[in-house]
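Protein chains in written order, with our numbering: chain L, 1 to 347; chain B, 1 to 78.
Because the hints were derived from the structure by calculation, they are not lab data. It cannot be assumed that every hint is accurate.
[To be verified] So, partial list: chain L residues that the calculated Cβ filter (under 8 Å) puts toward chain B:
1. 63
2. 66
3. 73
[To be verified] Some residues of chain B that are not near chain L, with every Cβ distance over 10 Å (derived):
4. 28
5. 31
6. 32
7. 72
8. 75
[To be verified] Each computed DSSO-like pair below joins lysine-lysine, with the alpha-carbon atoms no more than 27 Å apart:
9. L:72 with B:75
10. L:231 with L:242
11. L:181 with L:6
12. L:6 with L:220
13. L:198 with L:188
14. L:220 with L:231
15. B:34 with B:23
16. L:198 with L:83
17. L:324 with B:23
18. B:23 with L:6
19. L:83 with L:242
20. B:34 with B:75
21. L:6 with B:34
22. L:324 with L:242
23. L:90 with L:242
24. L:72 with B:34
25. L:72 with L:198
26. B:23 with L:83
Even glycine gets a Cβ: it sits at the ideal position worked out from N, Cα and C.
In case you want the letters, here they are:
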Amino acid sequence: MTSPRKAVALISGGLDSMLAAQVILEQGVHVEGINFFTGFCVEGHTHAIRKHEGAKPKRNNALWVAEQLGIKLHIVDVVEEYKDVVLNPKHGYGAHLNPCLDCKGFMVGQAHRWMEENGFDFIITGEVLGQRPMSQRRDTFPIIARESGAGDRLLRPLCAQLLPPTLPEREGWVDRERLLKFSGRSRKPQMALAAQFKISEYAQPAGGCCFLTDPNYTRKLQDLWRTGAGKHYELDDIMLLKVGRHLRPRPHFKLIIGREEGENNFLEGYRRQFTHLRPASHNGSLALIDGSADADDIRLAARLTARYCQGRDEASVRIEVTEKDGRAYELDVAPFTSEEIPREWHL
Amino acid sequence: MSEHTLDARNLLCPMPVIRTQNKIRTLADGDTLKVICTDPGTLSDIPAWCRINGHSVLDTQKGERELVITIRISKGAA
Ligand code: SF4
Numbered sequence: 001m002t003s004p005r006k007a008v009a010l011i012s013g014g015l016d017s018m019l020a021a022q023v024i025l026e027q028g029v030h031v032e033g034i035n036f037f038t039g040f041c042v043e044g045h046t047h048a049i050r051k052h053e054g055a056k057p058k059r060n061n062a063l064w065v066a067e068q069l070g071i072k073l074h075i076v077d078v079v080e081e082y083k084d085v086v087l088n089p090k091h092g093y094g095a096h097l098n099p100c101l102d103c104k105g106f107m108v109g110q111a112h113r114w115m116e117e118n119g120f121d122f123i124i125t126g127e128v129l130g131q132r133p134m135s136q137r138r139d140t141f142p143i144i145a146r147e148s149g150a151g152d153r154l155l156r157p158l159c160a161q162l163l164p165p166t167l168p169e170r171e172g173w174v175d176r177e178r179l180l181k182f183s184g185r186s187r188k189p190q191m192a193l194a195a196q197f198k199i200s201e202y203a204q205p206a207g208g209c210c211f212l213t214d215p216n217y218t219r220k221l222q223d224l225w226r227t228g229a230g231k232h233y234e235l236d237d238i239m240l241l242k243v244g245r246h247l248r249p250r251p252h253f254k255l256i257i258g259r260e261e262g263e264n265n266f267l268e269g270y271r272r273q274f275t276h277l278r279p280a281s282h283n284g285s286l287a288l289i290d291g292s293a294d295a296d297d298i299r300l301a302a303r304l305t306a307r308y309c310q311g312r313d314e315a316s317v318r319i320e321v322t323e324k325d326g327r328a329y330e331l332d333v334a335p336f337t338s339e340e341i342p343r344e345w346h347l
Numbered sequence: 001m002s003e004h005t006l007d008a009r010n011l012l013c014p015m016p017v018i019r020t021q022n023k024i025r026t027l028a029d030g031d032t033l034k035v036i037c038t039d040p041g042t043l044s045d046i047p048a049w050c051r052i053n054g055h056s057v058l059d060t061q062k063g064e065r066e067l068v069i070t071i072r073i074s075k076g077a078a
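This is chain B alone, in the form it adopts within the complex (with noise of 0.2 Å):
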């Protein structure tokens, strides 16, 4: 079980999505991954990406420019 940071600042979404699913298809079951993103959208894109593939949200911290979403993940269903 790692930890991983994953950058996604000034993407566009779904860029920072595409990533996020891209770095997670390399991690393992438990793992988690931090991803630092910009584009606002990402607090709804992430979490129903998240959602819909089994994986689980544990935080969101909206600074003031940046936001950072952090994420279990979960191979189970796979």
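If we strip away everything but chain L, and leave its shape as in the complex, we get (with noise of 0.2 Å):
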């Protein structure tokens, strides 16, 4: 008896990802799944940022989605690798910093590398033709084959038979006619198929898998790009977008402070690195400053970390302010008004 041929899926923690891979399950193919952290996914982490207490643990749907097939997952660090992605896309940015055709080009440049380091025969991917306006297009796919090396080892079951047949469909290791022919931006037939596999629960991410299209978070990323040293980022950086107020009133610094109890347990984590502020004498989140601040700017971040306590009405609130180097001082200051604080401030 030979033994099965063996698929990497690529498995975001969506419902296409892991209807993809359960219909080359079906088929009789060994497969596993691969998963990627770029650091802007929207994955993971998210777990930091929640309460911590009463709230329901938020779970990483790519383990998730894997443990429900039944197949193992490798998660893979790719946050070095993926900056020039971010950085530098050679055929640019979706409808905000989305790179989704580099990023499609890279993560399955990834699995090919990861295939041919584990012995796999081939790839498979939840894309359907015509789903997403940047990188699921007839004339995108192909370059998604060639500019991550995969060829035609990448097989994208839900849409397989309105393209040509890929080197698994022509050798047989699996049966073109069992594959799919998904199109357009409908979600009923993956509803369908779901229902067909008795999959009833599964993630449903809004606009992509990733904060890259999110408006928002775009936003402050830009911001970060003009403020800072020019246009790069560390894991730190683009994981502190995620969270918080961000108030830019000045250039040279920022000021982010917690919106709720989750959100403050997260900055918790951060505070050692930043000069910090805290409200003394009322409740209040945690603020952080990134950037360089004098003795003005601090003063400043304090007026606007007293509007964000419960000491907004009053003429003054103690803020503790804590130093990168540790030194600790408290400042008496007058909260600002709501109509004090221009707009730009908001990042």
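Once you've looked at the hints, go ahead and assemble the two chains, each given alone in its own frame, into the complex.
Below you can see the structure in the form of structure tokens.
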């Protein structure tokens, strides 16, 4: 008996990649999943942002999907390599800062490398023809196959019948007749197939799989590139853009203020890297100063921190300031009124 | 059979899972690994990762700030 062919499936945690993997599993192929951590993923560390008590733990959908399918999942840290995709996308950005076409090429490329290193035969994705304006088009599919190096070892089970046969189909590793021909933006065929597979619970990502499609997020990323030392980032920078209220009162610093307990907990983990402030006389959130701030700037930051604490309507609020070197002192300040905060300070 | 420790403190999910996965790759069948974390998300993610990859979670300790998850490595199915 020959051993089954092996496919590596890109698993995002959404329904499409889950279905694609299931379609291939049904054909007796050995499937393992691969998932990439870019730093922009909506998945994962959002755990740390949620409130600790009471809230339902937020699961990692990629792990959950793998468990439902009964397949292994390999999570790969691509934070460093992915920077070039975000900073210099050859094919440009979509509606926001999402370099979807370069991103898909990159991920399939990584999966291809993994496939070769681990003795697998082909790669599957949950892509559907015409579903996404930038990357899931008849003319962009070959670009992904070519630039990733995967060539015709890249199989898209959900729309394969609409595309030229790939190596796994030509070789008979999979039966093309049992692949699908989904196209367009309707989600109905996927939902029907999910019902057929008795998959009743799945995550429904709204715009995309990452924060780069989120206008609020990308506005803050643009600000980072404009005001920092140019277009680059570190993992901590992009993680911090996911939480809190960001205000930039001066070009050389911004303030990140937690909005609720979960965000405060998240920011607590970063406080030693920043000069930080917290209300001492009232309940309120932690605020981090990102950038360089002199005494006047710190006083201004304290007034902003006071604005977002329970003492906002008081004449004076006491704020504890801790500098990066650990030096701590207190300031008594008058909270800003909302009219005093120019709209353009809000990022 | 040896015991190992992985410091995944101050890392946010999925980084502790990735570090655990990469560390386990270098360990042998029957070894144990203690993962020390601070992100509460690891309490669901690391056991989920272990279940799908065939390793067993022997113990979970929740401290004030730190969590310790002890895993027995099983390379049988690999
Ligand atoms: S939405 Fe984000 S993760 Fe998804 S393809 Fe586009 S850039 Fe990549």
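Results for each hint:
Proximity of residue 63 of chain L to chain B holds as hinted, the smallest CB-CB distance being about 4 Å (cut-off 8 Å). Evaluation of the residue 66 of chain L hint against chain B yields a held restraint, the C-beta minimum of about 5 Å falling below 8 Å. Residue-level restraint check for residue 73 of chain L holds (minimum Cβ-Cβ distance to chain B is 6 Å; threshold 8 Å). Separation of residue 28 of chain B from chain L is adequate, the least Cβ-Cβ distance of about 19 Å exceeding the 10 Å criterion.
Once the 10 Å rule is applied to beta carbons, residue 31 of chain B is consistent with being away from chain L; the minimum gap is 19 Å. Once the 10 Å rule is applied to beta carbons, residue 32 of chain B is consistent with being away from chain L; the minimum gap is 21 Å. Remark: the non-interface label on residue 72 of chain B is consistent with the geometry, its nearest Cβ contact in chain L lying 17 Å away (cut-off 10 Å). Non-interface call for residue 75 of chain B relative to chain L: holds, since the shortest CB-CB distance, roughly 12 Å, exceeds 10 Å.
Taking the CA atoms of residue 72 of chain L and residue 75 of chain B, the gap is near 13 Å; set against the 27 Å cutoff, the hint holds. Of the pairs offered as hints, the one joining residue 231 of chain L and residue 242 of chain L holds, with about 18 Å between alpha carbons and a cut-off of 27 Å not exceeded. Of the supplied pair hints, the one linking residue 181 of chain L and residue 6 of chain L holds, its CA atoms being roughly 22 Å apart against a limit of 27 Å. With a C-alpha separation of about 42 Å, the suggested pairing of residue 6 of chain L with residue 220 of chain L is violated against the 27 Å cut-off.
A distance of roughly 15 Å separates the Cα atoms of residue 198 of chain L and residue 188 of chain L; the hinted pair therefore holds under the 27 Å criterion. Of the pairs offered as hints, the one joining residue 220 of chain L and residue 231 of chain L holds, with about 13 Å between alpha carbons and a cut-off of 27 Å not exceeded. Pair hint residue 34 of chain B plus residue 23 of chain B holds up; C-alpha atoms about 11 Å apart against a cutoff of 27 Å. A C-alpha spacing of about 39 Å is found between residue 198 of chain L and residue 83 of chain L, which places the hinted pair above 27 Å, so the restraint is violated.
Annotation: proposed proximity of residue 324 of chain L to residue 23 of chain B is violated, straight-line Cα distance about 33 Å (limit 27 Å). Simply put, residue 23 of chain B and residue 6 of chain L have alpha-carbon atoms about 24 Å apart, close enough for the 27 Å limit, and the pair holds. In summary, the hint linking residue 83 of chain L to residue 242 of chain L is supported, as the alpha carbons are separated by about 17 Å, within the 27 Å threshold. Distance check on the hinted pair: residue 34 of chain B and residue 75 of chain B sit about 17 Å apart at the alpha-carbon level, within 27 Å; holds.
For the hint pairing residue 6 of chain L with residue 34 of chain B, the CA-to-CA distance comes to about 32 Å; that exceeds 27 Å, so the pair is violated. Distance restraint check for residue 324 of chain L and residue 242 of chain L: the Cα-Cα separation of roughly 22 Å lies within the 27 Å cut-off, and the hinted pair is therefore satisfied. Only pairs whose Cα atoms come within 27 Å are accepted, and residue 90 of chain L paired with residue 242 of chain L is accepted, the gap being roughly 26 Å. The hinted pair formed by residue 72 of chain L and residue 34 of chain B meets the criterion: a straight-line CA distance of about 21 Å does not exceed 27 Å.
At roughly 20 Å between alpha-carbon atoms, residue 72 of chain L and residue 198 of chain L fall within 27 Å of each other, so this suggested pair holds. This hinted pair checks out: residue 23 of chain B and residue 83 of chain L have alpha carbons roughly 25 Å apart, not beyond 27 Å.
Checked against the numbered hints above, the structure violates hints 12, 16, 17, 21; every other hint is satisfied.
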